[in-house]
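Protein chains: 2
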Amino acid sequence: MGCSEVHASLAAEVLIQADLRGIDSHGTARLSGYVRLWQQGRLNPQPQMEVVHETATTATVDGDRGLGLVVAPYAMEIAINKAKQYGSGWVAVRNSNHFGIAGYHALMAVKQDMIGYAMTNASPLVTPTYSKERMLGTNPICYAFPAGMYPPVVVDMATSAAANGKLEIAQRSGSDIPSGWVQTATGEPSINAHELKQGGALLPLGSDKQHGSHKGFGLSATVDIHSAVLSGANYGPWAPPFVAYLQPHPHPVGLGLGHFLGAMRADGFRPLTEFKQHMDNWIERFKQAEPIHPNQPVIIPGEPEHQAAQERSIHGIPVIDVVWADLEQLATNLKINFF
Amino acid sequence: MGCSEVHASLAAEVLIQADLRGIDSHGTARLSGYVRLWQQGRLNPQPQMEVVHETATTATVDGDRGLGLVVAPYAMEIAINKAKQYGSGWVAVRNSNHFGIAGYHALMAVKQDMIGYAMTNASPLVTPTYSKERMLGTNPICYAFPAGMYPPVVVDMATSAAANGKLEIAQRSGSDIPSGWVQTATGEPSINAHELKQGGALLPLGSDKQHGSHKGFGLSATVDIHSAVLSGANYGPWAPPFVAYLQPHPHPVGLGLGHFLGAMRADGFRPLTEFKQHMDNWIERFKQAEPIHPNQPVIIPGEPEHQAAQERSIHGIPVIDVVWADLEQLATNLKINFF
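Protein chains in written order, with our numbering: chain A, 103 to 441; chain B, 103 to 441.
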């Protein structure tokens, strides 16, 4: 695509870390999607990223339509440097694109013994409570906390009841989905895995009002406002779609997609060793919470991804045939040697 | 109780603001609960609050076992002052008690054209996904954003599927509750509004694994770690109960209950007028999202509370008989003139 060596390596690293951590939907399976955006001229492979507004601990970065995979780490570096100097750092990003897994960026802060924050808005697929209109993305949010002898606690979640990837799994296997994930174009409940293609919408976390979908909507709104209203990106239904076959809104309210990254020093609040000891104790106590079924203990947030990374580091990353074929096709189209 | 005039007025103000905003469960209805904690010696009416750890933009406050209603505003003032100087301010609080509605504290920042953050851990009533043990409180979190001509957007939510107050309403009316709010002591689904008294637990937002209860658990964990692991308060099942008839854990891991307050300048990211114009546009666009039923439009987070405050400012705050009788009894016990 014409990325610099440094940017290409970093983007590859972010995608491969997703695969390594078992989040296959956000890894190399997405590579051809980014390439298609570039082919349409919607992605700048040589962005001149810059800080356009700043205080001691806050900043807004313009990503110059670059790969989110590259823009978000650039912004997080700024947040981390501010945190080193002042205790915390917060960077809003405008004019960016899909940034991969939120966890990658948040974990950059954890390596510095900081709490990491990462969120992004996304293609509008989710409806607010009481509406039938797609107004929000799956708007993921990640909080990552360093621990002592245990892996970091990483809460990395879409703010919808289910992410689009889960629908795709059901589509491939031809099965229905649970009620509470999507609704029809007229706002009726549905268990059809193909509902989005018929004008339906994903539901916020909580699924319906009675079970707190207004909370999921509130969280998604929080991500949207931090990522886009604060930065000057496109928010709500104006957020540009990731898929290249859908065009961006003809009358944008901002520039590109938005993110929000943050870093806060754990030793800004108590000595680091104390914090880590209590994080370890927190993890141990929650691991020991009495299970309903003896063979299914409580899962600490981030634990499955850490285990996947451990295992795949040794045994390799399994790539399903359809992704392999897609990568092979991509290589052919771009006249790159494939394996 | 022996509070200073300033502290008593502030605590009353926080409780009355809850009533005014229509959050009756957290207003003067709770007054006798705070008094009972004081009678048991678990609440210090004359706290010497102090900053025990600090960087330019972070601090930890020790609340000296004071009323959370007083300690949290003290901490938020510090966060706001840091934000004025450095763009953002973040204060963890240990050794505190129940702080009332999160929204009160977050809105202190909004008055300064900052984004306000407030969260607290609470009495353990909520179980993590796959567990039957009460490990977490309803752990509310609040994000509050200033707008231009519209009221602020205020996301103020328990991270459980339903707050305890909703169970109490069903208890009073003798009705069942929806499935997905609680489980039995052995982890079975339940619609019994009295389930908590029989050893059951509240469920995290998402209700079950299939609908994302691990996300609700992750959010609740995020609140617990910010409020208590970072500050040096008691976390998870060690969090001291608000009700005076339950004793605190005999082997605490920290001091009292914990909170986390934050303030971030909106003009730390873009000019304030621009931010407010886009907040107004965000609000208008979401208000206009196509409704499922024409007479039920989308509700902007914080809108019902703002409307209640407007209406109750004019017509007064309705107080139900049981709360009135409770306040009257309290006055009699404390030899205070009642109306």
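To be clear, the hints were calculated from the coordinates, so they are not data collected in a lab. The reader is advised that the hints may include incorrect statements.
[To be verified] Here are the in silico distance ranges between beta carbons for each label pair:
#1 Asp215/A / Val108/B: 47 to 55 Å
#2 His417/B / Gln409/A: 52 to 60 Å
#3 Pro280/A / Gly267/B: 25 to 33 Å
From the three backbone atoms N, C-alpha and C, an ideal C-beta is built for every residue, glycine too.
What are the numbers of the hints the structure violates, in ascending order?
Checked against the structure, the only hint that fails is number 1, while the rest are satisfied.
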